[in-house]
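**Student:** Its first residue numbered 0, the sequence shown is counted upward by one per residue in numbering that gives the first Met the number 0.
Watch out, some of these pointers could steer you wrong.
[As the list claims (entries may be wrong)] Below, in silico cross-link-like pairs of lysine-lysine (DSBU-like), each with a Cα-Cα straight-line distance of 30 Å or less:
| # | residue 1 | residue 2 |
| --- | --- | --- |
| 1 | K158 | K118 |
| 2 | K93 | K117 |
| 3 | K184 | K158 |
[To be verified] Simulated restraints on C-beta separations:
| # | residue 1 | residue 2 | range |
| --- | --- | --- | --- |
| 4 | K117 | L187 | 35 to 43 Å |
| 5 | T160 | D61 | 25 to 33 Å |
| 6 | E49 | D90 | 33 to 41 Å |
| 7 | D105 | D61 | 27 to 35 Å |
| 8 | D60 | G190 | 47 to 55 Å |
| 9 | P104 | V50 | 14 to 22 Å |
| 10 | D60 | L154 | 41 to 49 Å |
Source of the hints: derived by calculation from the structure; they are not laboratory data. Glycine included, each C-beta is placed from N, C-alpha and C at the ideal position.
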Amino acid sequence: MSLGSSQWSRELGATELRPVYLLAGEELLVLEAADALRARVRELGYVEREVMDVEASFDWDDLARAAVGMSLFASRRLLDLRLPTGRPGIDGSKALSAYCDSPAPDTVLLVTCVQWSKKHVGAWSRAIDTVGAMVEFGAPRIDQLPAWIGERMALRGLKATSDAIALLAERVEGNLLAAAQEIDKLVLLHGEGRLDAATLENLVADSA
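Hey, can you work out the whole structure from these sequences and the hints?
**Tutor:** Take a look at the structure:
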(Lines of atoms letter the chains of each structure in order from A and count residues from 1; the text may use other names and numbers.)
(Lines give C-alpha, C1' and ligand atoms only; values in the text may rest on other atoms or scores of the structure.)
Protein backbone atom coordinates (compact mmCIF):
# COMPACT_ATOMS: atom_id res chain seq x y z
CA MET A 1 0.00 0.00 0.00
CA SER A 2 1.45 3.36 -1.02
CA LEU A 3 1.30 5.95 1.73
CA GLY A 4 2.01 9.66 1.67
CA SER A 5 4.54 11.08 4.11
CA SER A 6 1.68 12.89 5.87
CA GLN A 7 0.13 9.49 6.69
CA TRP A 8 3.27 8.14 8.32
CA SER A 9 2.48 9.24 11.88
CA ARG A 10 -0.93 7.58 11.70
CA GLU A 11 0.66 4.40 10.34
CA LEU A 12 3.07 4.29 13.28
CA GLY A 13 0.16 4.50 15.68
CA ALA A 14 -1.33 1.21 14.46
CA THR A 15 -1.34 -1.64 16.93
CA GLU A 16 -0.33 -4.12 14.22
CA LEU A 17 2.55 -3.35 11.89
CA ARG A 18 2.82 -4.44 8.27
CA PRO A 19 5.35 -7.16 7.43
CA VAL A 20 7.42 -4.95 5.10
CA TYR A 21 8.09 -1.23 4.84
CA LEU A 22 9.95 0.63 2.10
CA LEU A 23 10.93 4.18 3.10
CA ALA A 24 12.46 6.12 0.23
CA GLY A 25 13.35 9.66 -0.76
CA GLU A 26 14.98 12.66 0.92
CA GLU A 27 17.75 11.36 3.18
CA LEU A 28 16.98 13.30 6.35
CA LEU A 29 13.26 12.51 6.21
CA VAL A 30 13.87 8.82 5.45
CA LEU A 31 16.36 8.45 8.31
CA GLU A 32 14.02 10.14 10.78
CA ALA A 33 11.08 8.03 9.62
CA ALA A 34 13.19 4.89 10.00
CA ASP A 35 14.20 5.93 13.52
CA ALA A 36 10.53 6.41 14.38
CA LEU A 37 9.68 2.93 13.09
CA ARG A 38 12.55 1.37 15.05
CA ALA A 39 11.24 3.03 18.20
CA ARG A 40 7.71 1.79 17.47
CA VAL A 41 8.75 -1.82 16.90
CA ARG A 42 10.59 -1.78 20.23
CA GLU A 43 7.40 -0.60 21.91
CA LEU A 44 5.53 -3.50 20.33
CA GLY A 45 8.04 -6.09 21.53
CA TYR A 46 10.32 -6.51 18.54
CA VAL A 47 13.41 -6.85 20.68
CA GLU A 48 15.79 -8.35 18.13
CA ARG A 49 17.23 -6.37 15.25
CA GLU A 50 19.48 -7.45 12.40
CA VAL A 51 21.10 -4.77 10.23
CA MET A 52 22.04 -5.51 6.61
CA ASP A 53 23.98 -2.88 4.66
CA VAL A 54 23.69 -3.46 0.93
CA GLU A 55 27.07 -2.76 -0.63
CA ALA A 56 28.77 -4.07 -3.77
CA SER A 57 29.73 -7.36 -2.12
CA PHE A 58 26.39 -7.92 -0.36
CA ASP A 59 25.09 -11.50 -0.55
CA TRP A 60 21.32 -11.39 -1.10
CA ASP A 61 21.08 -14.93 0.22
CA ASP A 62 21.62 -13.33 3.64
CA LEU A 63 18.07 -11.98 3.44
CA ALA A 64 16.64 -15.44 2.82
CA ARG A 65 18.75 -16.90 5.62
CA ALA A 66 17.58 -14.17 7.99
CA ALA A 67 13.97 -14.86 7.03
CA VAL A 68 14.16 -18.55 7.93
CA GLY A 69 16.50 -18.15 10.88
CA MET A 70 15.05 -18.85 14.30
CA SER A 71 14.92 -16.04 16.82
CA LEU A 72 17.40 -16.54 19.63
CA PHE A 73 14.78 -15.58 22.18
CA ALA A 74 11.61 -16.61 20.35
CA SER A 75 10.76 -12.92 20.04
CA ARG A 76 9.65 -10.57 17.31
CA ARG A 77 12.40 -9.30 15.03
CA LEU A 78 13.24 -6.30 12.87
CA LEU A 79 15.27 -6.87 9.71
CA ASP A 80 16.84 -3.49 8.95
CA LEU A 81 17.97 -3.54 5.31
CA ARG A 82 19.74 -0.40 4.10
CA LEU A 83 19.72 0.04 0.34
CA PRO A 84 20.99 3.61 -0.11
CA THR A 85 21.06 3.62 -3.93
CA GLY A 86 17.53 2.24 -4.28
CA ARG A 87 18.86 -0.21 -6.87
CA PRO A 88 19.00 -3.83 -5.64
CA GLY A 89 20.01 -5.25 -9.00
CA ILE A 90 18.64 -8.45 -10.50
CA ASP A 91 19.56 -10.69 -7.55
CA GLY A 92 18.26 -8.20 -5.02
CA SER A 93 15.03 -7.66 -6.87
CA LYS A 94 14.43 -11.42 -6.93
CA ALA A 95 15.35 -11.78 -3.25
CA LEU A 96 13.04 -8.98 -2.12
CA SER A 97 10.18 -10.21 -4.30
CA ALA A 98 10.62 -13.74 -2.94
CA TYR A 99 10.60 -12.43 0.62
CA CYS A 100 7.36 -10.57 -0.04
CA ASP A 101 5.78 -13.74 -1.43
CA SER A 102 6.23 -15.32 2.02
CA PRO A 103 7.18 -12.79 4.72
CA ALA A 104 8.84 -14.21 7.81
CA PRO A 105 6.45 -14.56 10.77
CA ASP A 106 6.81 -12.21 13.76
CA THR A 107 9.19 -10.10 11.68
CA VAL A 108 9.16 -6.61 10.19
CA LEU A 109 11.43 -5.98 7.21
CA LEU A 110 12.44 -2.32 6.89
CA VAL A 111 14.06 -1.25 3.60
CA THR A 112 15.45 2.29 3.41
CA CYS A 113 16.59 4.07 0.24
CA VAL A 114 17.99 7.61 0.28
CA GLN A 115 18.19 7.93 -3.50
CA TRP A 116 14.82 7.67 -5.20
CA SER A 117 12.88 8.62 -8.31
CA LYS A 118 10.30 7.01 -10.54
CA LYS A 119 13.17 5.25 -12.33
CA HIS A 120 13.86 3.24 -9.16
CA VAL A 121 10.41 1.63 -9.12
CA GLY A 122 10.53 -2.04 -10.09
CA ALA A 123 9.04 -5.46 -9.44
CA TRP A 124 10.60 -5.56 -5.97
CA SER A 125 9.15 -2.23 -4.84
CA ARG A 126 5.74 -3.15 -6.26
CA ALA A 127 5.92 -6.42 -4.32
CA ILE A 128 6.60 -4.47 -1.11
CA ASP A 129 3.74 -2.11 -1.94
CA THR A 130 1.41 -5.10 -2.29
CA VAL A 131 2.23 -6.94 0.94
CA GLY A 132 3.39 -4.02 3.07
CA ALA A 133 3.72 -0.27 2.65
CA MET A 134 5.86 2.01 0.53
CA VAL A 135 6.30 5.60 1.70
CA GLU A 136 8.04 8.26 -0.38
CA PHE A 137 9.44 11.28 1.46
CA GLY A 138 9.96 14.19 -0.88
CA ALA A 139 11.85 17.33 0.08
CA PRO A 140 9.68 20.42 0.41
CA ARG A 141 9.83 22.84 -2.51
CA ILE A 142 11.65 26.12 -1.96
CA ASP A 143 8.33 27.90 -1.45
CA GLN A 144 7.35 25.25 1.12
CA LEU A 145 10.63 25.38 3.03
CA PRO A 146 9.68 28.22 5.43
CA ALA A 147 6.58 26.30 6.55
CA TRP A 148 8.69 23.15 7.06
CA ILE A 149 11.27 25.09 9.08
CA GLY A 150 8.58 26.82 11.12
CA GLU A 151 6.90 23.53 11.98
CA ARG A 152 10.21 21.93 12.96
CA MET A 153 11.10 24.93 15.14
CA ALA A 154 7.73 24.80 16.85
CA LEU A 155 8.18 21.10 17.62
CA ARG A 156 11.48 21.97 19.30
CA GLY A 157 9.88 24.71 21.41
CA LEU A 158 11.13 27.69 19.38
CA LYS A 159 8.50 30.36 18.79
CA ALA A 160 10.14 31.88 15.76
CA THR A 161 8.84 34.99 14.05
CA SER A 162 8.12 34.87 10.33
CA ASP A 163 11.20 36.99 9.57
CA ALA A 164 13.41 34.61 11.59
CA ILE A 165 12.00 31.64 9.70
CA ALA A 166 12.55 33.42 6.37
CA LEU A 167 16.13 34.26 7.33
CA LEU A 168 16.97 30.67 8.19
CA ALA A 169 15.31 29.40 5.00
CA GLU A 170 17.46 31.81 3.00
CA ARG A 171 20.64 30.70 4.79
CA VAL A 172 20.20 26.96 4.26
CA GLU A 173 19.30 27.29 0.56
CA GLY A 174 17.05 24.24 0.48
CA ASN A 175 19.40 21.94 2.39
CA LEU A 176 17.17 20.10 4.89
CA LEU A 177 20.06 18.59 6.84
CA ALA A 178 21.65 22.01 7.25
CA ALA A 179 18.30 23.42 8.39
CA ALA A 180 17.84 20.64 10.94
CA GLN A 181 21.36 21.16 12.29
CA GLU A 182 20.86 24.93 12.60
CA ILE A 183 17.59 24.42 14.46
CA ASP A 184 19.27 21.99 16.86
CA LYS A 185 22.01 24.57 17.52
CA LEU A 186 19.45 27.30 18.08
CA VAL A 187 17.68 25.16 20.68
CA LEU A 188 20.99 24.71 22.51
CA LEU A 189 22.02 28.35 22.27
CA HIS A 190 18.65 30.03 22.75
CA GLY A 191 16.44 27.50 24.49
CA GLU A 192 12.70 27.55 24.12
CA GLY A 193 10.79 30.76 23.58
CA ARG A 194 10.39 33.61 21.11
CA LEU A 195 13.08 33.99 18.46
CA ASP A 196 13.23 36.93 16.07
CA ALA A 197 15.48 37.49 13.06
CA ALA A 198 17.98 39.72 14.87
CA THR A 199 18.49 37.20 17.67
CA LEU A 200 18.78 34.36 15.19
CA GLU A 201 21.40 36.21 13.17
CA ASN A 202 23.44 36.96 16.29
CA LEU A 203 23.27 33.36 17.48
CA VAL A 204 24.28 31.98 14.09
CA ALA A 205 27.16 34.44 13.88
CA ASP A 206 28.37 33.58 17.39
CA SER A 207 28.12 29.87 16.62
CA ALA A 208 30.12 30.28 13.41
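**Student:** Now tell me if each hint is right for this structure.
**Tutor:** Structure-based check of all given hints:
1. K158 / K118: Status violated; Cα separation ~40 Å.
2. K93 / K117: 19 Å, holds
3. K184 / K158: Holds, at about 15 Å.
4. K117 / L187: 35 to 43 Å: 39 Å, holds
5. T160 / D61: 25 to 33 Å: 51 Å, violated
6. E49 / D90: 33 to 41 Å: Cβ of E49 to Cβ of D90: about 19 Å, so the range 33 to 41 Å is violated.
7. D105 / D61: 27 to 35 Å: With Cβ atoms ~19 Å apart, the hint is violated.
8. D60 / G190: 47 to 55 Å: For G190 against D60, whose Cβ atoms are near 52 Å apart, the range 47 to 55 Å holds.
9. P104 / V50: 14 to 22 Å: At roughly 20 Å between Cβ atoms, V50 and P104 fall inside 14 to 22 Å, so the hint holds.
10. D60 / L154: 41 to 49 Å: Cβ of D60 to Cβ of L154: about 42 Å, so the range 41 to 49 Å holds.
This entry does not satisfy hints 1, 5, 6 and 7, going by the numbered hints stated previously.
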